[in-house]
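Number of protein chains: 2
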Amino acid sequence: MLTGRKEGFLDPDHYFDVTGYTSPDESEHDFFTVGHTSTSVALATGMARARDVKGEKGNIVAFIGDGSLSGGLAFEGLNNAATLNSNIIIVVNDNQMSIAENHGGLYRVLDELRASNGTSANNPFKAMGFDYRYVADGNNLADMIAAFKAVKDLNHPVVLHINTLKGKGYQPAIDNKMAFHWHAPFDIETGEPKAKRQPTYWDAVLAELDQQIAAGQPIVALNSAIPGAFGLKAFQAKHPDRYVDTGIAEQDAITEAAGLAKNGARPVVFQNSTFLQRAYDQLAHDVTLNDLPVVMLITSSGISAASKTHLAIFDIPYLTSLPNLEYLQASNQEELISMLQWALRQTDHPVAIRVPSGPVVHGFAAHDTYAPLQYNTIQKGSKVALLGLGKFLALAEETAAKLGEHGIEATVINPMSASTLDIKALDALKADHSLVATFEDGSLAGGFGEHVAAYLGDSNLKVLNFGAKKAYSDNTPVADLYQEFHLTAELATQDILAQLTK
Amino acid sequence: MLTGRKEGFLDPDHYFDVTGYTSPDESEHDFFTVGHTSTSVALATGMARARDVKGEKGNIVAFIGDGSLSGGLAFEGLNNAATLNSNIIIVVNDNQMSIAENHGGLYRVLDELRASNGTSANNPFKAMGFDYRYVADGNNLADMIAAFKAVKDLNHPVVLHINTLKGKGYQPAIDNKMAFHWHAPFDIETGEPKAKRQPTYWDAVLAELDQQIAAGQPIVALNSAIPGAFGLKAFQAKHPDRYVDTGIAEQDAITEAAGLAKNGARPVVFQNSTFLQRAYDQLAHDVTLNDLPVVMLITSSGISAASKTHLAIFDIPYLTSLPNLEYLQASNQEELISMLQWALRQTDHPVAIRVPSGPVVHGFAAHDTYAPLQYNTIQKGSKVALLGLGKFLALAEETAAKLGEHGIEATVINPMSASTLDIKALDALKADHSLVATFEDGSLAGGFGEHVAAYLGDSNLKVLNFGAKKAYSDNTPVADLYQEFHLTAELATQDILAQLTK
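If you read the protein sequences in the order shown, they are chains A and B. Take the first sequence: its letter number 149 is residue 149 in full-length UniProt numbering, and every next letter is one higher. Take the second sequence: its letter number 130 is residue 130 in full-length UniProt numbering, and every next letter is one higher.
Hints were generated in silico from the structure; no laboratory data involved. Note that this is a predicted model, so its numbers are computed, not measured. Errors might be hidden in some of the hints.
Identical copies look the same in the list; a pair holds intra-copy or inter-copy alike.
[As the list claims (entries may be wrong)] Subject to a maximum C-alpha distance of 27 Å in a straight line, what follows is the list of computed DSSO-like cross-link-like pairs (lysine-lysine):
{"hint": "1", "residue 1": "K502", "residue 2": "K469"}
{"hint": "2", "residue 1": "K238", "residue 2": "K57"}
{"hint": "3", "residue 1": "K149", "residue 2": "K6"}
{"hint": "4", "residue 1": "K238", "residue 2": "K54"}
{"hint": "5", "residue 1": "K424", "residue 2": "K469"}
{"hint": "6", "residue 1": "K430", "residue 2": "K502"}
{"hint": "7", "residue 1": "K430", "residue 2": "K238"}
{"hint": "8", "residue 1": "K383", "residue 2": "K502"}
{"hint": "9", "residue 1": "K383", "residue 2": "K430"}
{"hint": "10", "residue 1": "K233", "residue 2": "K54"}
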């Protein structure tokens, strides 16, 4: 709004001129492209150090919301920023909300600080060594100008803690802060969404968890600040003692899940792919190294028109590189529930399940009892075998139909797991196939297709991998990406035919 | 010591009975295998929640060192633990040391707390909502028993802050705490290491940085609590304003490096492979998404006899799955310095360089000016091409020699980059080769060999990948692992010959 881009928010003709996040390509006032939280203090500390090394002067200002303070990186940044012997101003924009409500002991203390007009003895910023100032009405322009003047050019780190109102100026956003953190198109008078609510996979998932709890499973559902993405508020209402929102603290959620599993509970972690990567070391060191039966449901994965900040095409590479973890990819709702049941029935290993994106698709349950390590052959043909992982099983089936028009009766396989190859099934293909094509909804580098290609590297089977290029796409329409990556039945068929006639 | 394993530390005949970290396989008192820090509070919080869900009673006790408090996960864990409505006891063992000295504003405040016998107003634990107790002499058994009795069975979260002496009982360890955090065999009388100091790659790296600084490069060296691994204390003495130790805060180091690069400094991050993974999201979102010229020197990577907690075979998979980042693997000192010079000369992309493990090897500089995207053909043959990445270039050369004994003149290639394939060089092999073998010092799943196999999947070239199985080995002798993975010239030659005659 302040940096010359307000039309992008006010004028429908300019809605697509600006991205939803900061972008150095758009404005000289944006230094970084940022979409994950908790980064600003560490980024600003680095910029301040660079200023000092170059012998320059000037104020370096970081903004951080109270909700973002719960992320470990925010704390690491504050702890280090506090030791600078030069200027850094950290504005803590305290609107008493994360994405959902805040969670954590810190927030009770912030309540006390605001209630005491910044004078309470328990002060988390002073307790890290900062100079500290408080502004009771951070929405008051005159007060803020005065506060900025007071901290400008200070020669040491200072926290400027300001109390603000989330949604100020628009009553529906004030009344329903969580829903308005992120919103699809809505009626501006009432705040009601324009589109009708569609059924989601989460309805079925939560119904299954209800049943499991009723049957005595000690299930605990964990998420990190985004219950709305999964309908978890309804679960919380029914099972308050089984519900954990860690706030924006993805590392803690994964490591707490390891502790829960070790002590006999059955943790089910709900997470977005792009945020799960914030807990890579916890997945590695706490969950897979200790080989604990943590169940994870991963959403918003795959090729999408997302901002590059929220691109979620890397989960197959990073999850399938970890030992002991099974990464399943559901292609429809019944298969998803079957996989979830299996994941909760076994206690041998951690299991992640990718919930497909897009509208709910119904289909067969892959197995009544999901059997890991066994590919499901949907259609037995010869010459060409198409392995369609998760959501892209449908694309494999469409491609098989197209190949049929060219007289090729292709085999179609649902591999179900991105992490464990069914070596028997792959070996069996050698007898009467010459080409294997893999389809995955994610980046190819380090992904499922590469695992298959490597396994078959010493065989006569040729392998073609279909998936995303290793690159940060940025609000690119999905259709364009599918075109670029040949992820249509038409283009995949052409590539396969070209390979067969090579 | 307290759990029946003291002979493993006192009696040479039993030194190898116990691992260096906690292990549930060894003792019922160890719940998790833990080697990375900052995990205990989140693990204990999960265990406490499981206890509560199951309707059980009992005390859940977490231990955490003051050095570990700087890690973001520790803070996330504390912030969530503070909200438990039941028993959890968090013992903060404050010995005023991280691995090196502590860094961060928090530690000045802990100094005040100890100086005031726990009464200082600035209290980071109370500032997160904890009940708090202080023990001035944590090495005094009677005091500790009394303190534990006082907090036992409390119905709410409490921090028991104890002041202890690191190295107590052994004067050399008290006098030189950093050196004795981890130690190779030493003379017990004097504390002097038994082995003579050998030259390391860091001597050459730090000499190069000295030259670059003298020439005006605004270099800043960052590490996270392990300066001793790189000889960085000497650098700090020479360039105190260019030296950053973030404490155990790997996320902050990577994100600060992004800030430094953006503001015109040249950050060089020194990191161990196993700890770099703690900053996966920062590598993705802050460094590679923003495509900033951060330089990283990665050490202690590759197949080793390490504990499974410190296994470092995953960096090729996780770093090569990220866009924009070049991951180079040096095979000798001159090549390493050449790569470092190139990394600092360019400002287009982040560059990570793996410093080989083991004794210093000298050799040619790959290119006077390192040229990315171009493989270096060491020896031109036909039929079989051996791609030896980094340290394993030597193994590729040995294997070529063995193949020579069987009348095969193999091509040997130094690919140098694990992330970018030289497509021209790979395509050129198709003319007169039938087999490509890759050698990499790391886990195969998602690694370099798989990238090569996938690229060549639609060609007539067969591909064999040599590297580590995706599994957590645990203090397994390297020779055994090499044997298992066929990473000897003898076994690789057998596999290659078997493939050629298949």
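Hint by hint, here is what the structure shows:
Taking identical chains as interchangeable, the C-alpha atoms of K502 and K469 lie at most 27 Å apart only when both belong to the same chain, with a minimum of 23 Å there against 34 Å between chains. Within a single copy, K238 and K57 get their C-alpha atoms only as close as 56 Å, which misses the 27 Å cut-off; across copies the closest is 24 Å, which meets it. Taking identical chains as interchangeable, the C-alpha atoms of K149 and K6 lie at most 27 Å apart only when both belong to the same chain, with a minimum of 25 Å there against 61 Å between chains. Proximity of K238 and K54 under a CA criterion of 27 Å is satisfied inter-copy only: 17 Å between copies versus 57 Å inside one chain copy.
Proximity of K424 and K469 under a CA criterion of 27 Å is satisfied inter-copy only: 19 Å between copies versus 29 Å inside one chain copy. In this assembly of identical chains, the alpha carbons of K430 and K502 lie at most 27 Å apart whether taken from the same copy (19 Å) or from different copies (14 Å). When the C-alpha separation of K430 and K238 is checked against a cutoff of 27 Å, the pair qualifies neither within a copy, at 52 Å, nor between copies, at 63 Å. In this assembly of identical chains, the alpha carbons of K383 and K502 lie at most 27 Å apart whether taken from the same copy (14 Å) or from different copies (21 Å).
For the homomeric pair K383 and K430, the shortest alpha-carbon distances inside one copy (9 Å) and between copies (23 Å) are both at most 27 Å. For a Cα distance limit of 27 Å, the shortest separation of K233 from K54 across copies, 22 Å, qualifies, whereas the shortest one inside one copy, 50 Å, does not.
When held up to the earlier numbered hints, the structure conflicts with hint 7 and nothing else.
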